[in-house]
Amino acid sequence: MKHRLQFAGKKLLRMALLLLGVSLAAFLLMSASPLDPLQTNVGQAALGSMSQEQIAQLEDYWGVNTPLAERYLGWLFSALQGDFGTSLLYRQPVLQIIGERLANSLGLLLFAWVLSGILGLTLGVLAGALRGRWPDKLVRGWCLLISSTPTFWLALLLLTVFAVWLGWFPSGLSVPIGVEADSVTALERLRHAVLPALTLSITGVSNIALHTREKMVDVMESDYVLFARARGESLPAIVLRHGLRNVALPAITLQFASVSEIIGGSVLVEQVFSYPGLGQAAVTAGLGSDMPLLLGITVLTAAIVFGGNVAADLLYGVVDPKIRRGAAKA
Amino acid sequence: MRRLNQRQRALLLLLLAAAVLLAITLAGALLTGRAMETDFSRLNLAPDLPYLFGTDWMGRDMFARTLTGLSLSIRIGALTACVSAVIALVLGVAAALNRKLDAVFSWCIDLFLGIPHILLVMLISLAFGRGFLGVVAGVSLSHWPSLARLLRGEVLQLRQAPYLRLARKLGVPRRDLIRRHLLPHLLPQFLTGLILQFPHAILHEASVTFLGFGLSSEQPAIGVILSESMRYLTTGRWWLALFPGLALVGVVLLFAALGEQARRLLDPSSIHQ
Amino acid sequence: MEPILQVEHLSISFSQYHRGTRKRTLPVIHDLSFSICPGQVTAVVGSSGSGKSLLAHGILGILPYNSALEGTILYQGTPLTQRRAEQLRGREIVLVPQGVTYLDPLMEVGPQIRKGRRDPRSKARSRAVLERYGLGPEVEKRYPFELSGGMARRVLIASAVVEQPKLILADEPTPGLDARAASRILGHFRELAEDGAGVLLITHDLELALTIAHRVLVLYAGETIEEASAADFSAGRLRHPYTRALWAALPQNGFTPIPGTQPYPGEISDGCQFAPRCPRCRPECRGPGPVPYVPRAGGWVRCRFPEGGEAL
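Residue numbers (the numbering used here), protein chains in the order written: chain U, 1 to 330; chain D, 1 to 273; chain B, 1 to 312.
Check before you lean on any hint, since a few could be wrong.
The list that follows gives simulated cross-link-like pairs (lysine to aspartate or glutamate, EDC-like), each with its CA atoms no further than 16 Å apart [unchecked claim]:
#1 Lys-322(U) to Glu-108(B)
#2 Lys-115(B) to Glu-233(U)
#3 Lys-123(B) to Glu-163(B)
#4 Lys-141(B) to Asp-320(U)
Residues of chain D placed beyond 10 Å of chain U at every Cβ, according to the derived structure [stated by the list, open to error]:
#5 Val-90
#6 Arg-130
#7 Leu-166
#8 Pro-184
#9 Leu-226
No wet-lab data here; the hints were simulated from the structure. Glycine residues also receive a C-beta, built at the ideal position from the N, C-alpha and C atoms.
Full structure from sequences and hints, please.
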């Protein structure tokens, strides 16, 4: 048990260091940007009509004049105390905006994550077990097609077909326009989330399915599957008894690694469906040079991704008998 | 006709895909003028002759715009794929040969993979001021980890190979070792990896441009075309989004096929198929 | 006695690419014939790379997809088609593979032996079989990585005989074991033969094979070059120069090596494969044309000028 706790502690420490690295890297990248936040947000014409003091005030607001190191350390210390600053565009605390947006996105992300995981695993196992036969060719072809399709275009396509032509779903925003957010029924929300969630799930499947297939092919070529065949076990029995069991470990890694991909996809999908989630906020913040917000979103998504990695490592310890029994002995 | 075996077919497919892509690139480059040409006598035409892909709200020929956009995408894709593959080669080999570098390297990769890819490209593009430079830097500086990791693993494995350990013991100079033994083994991996970067690079270029972090909106890039088409989808002008997107998928598929065939030809373990 | 398995003119080949885009067929086993009787241990001896394992896989119908099999295999007098092999394997015909990699690394031993059956009869049976090979019931709960080399072999034998087979194909069951453990494992096969099963023992180790085998079949470059009874070895009644060389290379017989190496599957020519290394090679031996496999003094030999034993 002590061994396991040590392992988890090490992982968490590494995660914290990585997060620090991410925040620094993102901060440096944003600071290096030659784009003048005043010009992007206030506009050239407006700037021209302002007095020197007004401009200086604005420059202070957008943090143009503070030295780099001071700004980063300042941000870091308040962030460690739970204050991620104030969004320059929305003029609200970053954490509050992230909280609202994440609440909107979370269902979308979770749904897509679970569905693409289940579908990807099923299709991958099927294709790997029937390697070279038609289901395999079909799955591989489909995955190749999907992975060659830009996520945002797939979103556009689904939007055109299901929202514009068939009118089954609304074409944008997570709530109908002109309705108070509180009075929106859960059903309405659901209707708005269906298409984005579907797009995300479809794009998430191909990576998981292809990688699972590779693993399954390895399993099918292993000595123990050869022996199982020699012992007269049928293909379905081999797939269920040996295939799933041995694909499970890499599948855990794949599933948690796909978190990053799903979040990345949501940036594009939310943009197309004007879905007011975290991804859309990232794009708005990036285009508007809203550094505190973009930094906050980057650090938060990285935390989710690293958290996923740590979860995968810990789950491994539970599932893999070598680690489980090894730990029991130690 | 004699039936071709798999490898001959692979070679043929590879050449065919390369030829089509080259033709698109050239055609697109030649049509740039036409792609920008506005003509208010032919606004919003649905696809038909002579405008196969229709025209947009400024009367621009969508076929020419699509080809030009593809050509741009292919050229940027090629550039960024090459840059990131070279970065991958240098970092991967350096990490495998030096322990301290290796620790830094794996930490950097973990850090890079921690940020969702599209967000990372956005951030790098911002740092370079968006536009052409931004998208090229964003895509090429964010694509190297997987290939670098692969090459690193390959070098580490080669270093442990008995014949190389023997050669080192026999005093073969390090430079000769790298040139005569390491590089010939890495080359197929590297080339395949390079070609397989193309589809990703193209897709990310289009995505980032679509979001507004890439090529400027005056350029007929696929991302720009599709971003503009969004405003007209609800009014039923489906062709503005359908054809450019389909064409992009086609080009990416061609690159994927190119990479797959190259892998087939260069991979020694494929002799058994 | 009627043989349980007869293999006649069996050939197994692979297709693969060489030099860029050309495809070719690699023969791995060529013109192999033998038979196995119930109650007998027949050893197939050949150096590594001579395609021995494929022989077992061919009989079971589990060859890889890029291989082709020619010739006839008769089981209890009727052809062993792919379909029939699928029905019989794991029941009447069982494989005892080489080592621990043939066990699912993530499954406990007990369920593996029982092939997933959970009824009390299967449980009792698997426990009994494990006990027969000196393994306690606690072994059922172990994962393959928790087994020693010798235990893993015994588990593999147990998983084979749990079905009461009539034909046992043992593929290199001893490498990596010390001499005592190896002879113990081989002793189990002898026991199984004495219980009435036919045993095909595939090995590279002539010395060990001779300790239990009744008949010995020698493979060279994918061909059977001699079939002899175990007694022929010590009695000096061997017919083929290669078999003699193998016998002479054993430690107790002077450790005399023979120069040269076996040809690889791709280098096999149409004529006597052993000619380049043969101490008694005559000019005629280097010529082309297949060498016939002929009966000689209680055995078979593939040599134009066999030694010892008079012609029948």
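Status of each hint after checking the structure:
no.: 1; hint: Lys-322(U) to Glu-108(B); verdict: holds (12 Å)
no.: 2; hint: Lys-115(B) to Glu-233(U); verdict: holds (8 Å)
no.: 3; hint: Lys-123(B) to Glu-163(B); verdict: holds (13 Å)
no.: 4; hint: Lys-141(B) to Asp-320(U); verdict: holds (15 Å)
no.: 5; hint: Val-90; verdict: holds (20 Å)
no.: 6; hint: Arg-130; verdict: violated (7 Å)
no.: 7; hint: Leu-166; verdict: holds (30 Å)
no.: 8; hint: Pro-184; verdict: holds (26 Å)
no.: 9; hint: Leu-226; verdict: violated (6 Å)
In this structure, the hints that do not hold are numbers 6, 9, in rising order.
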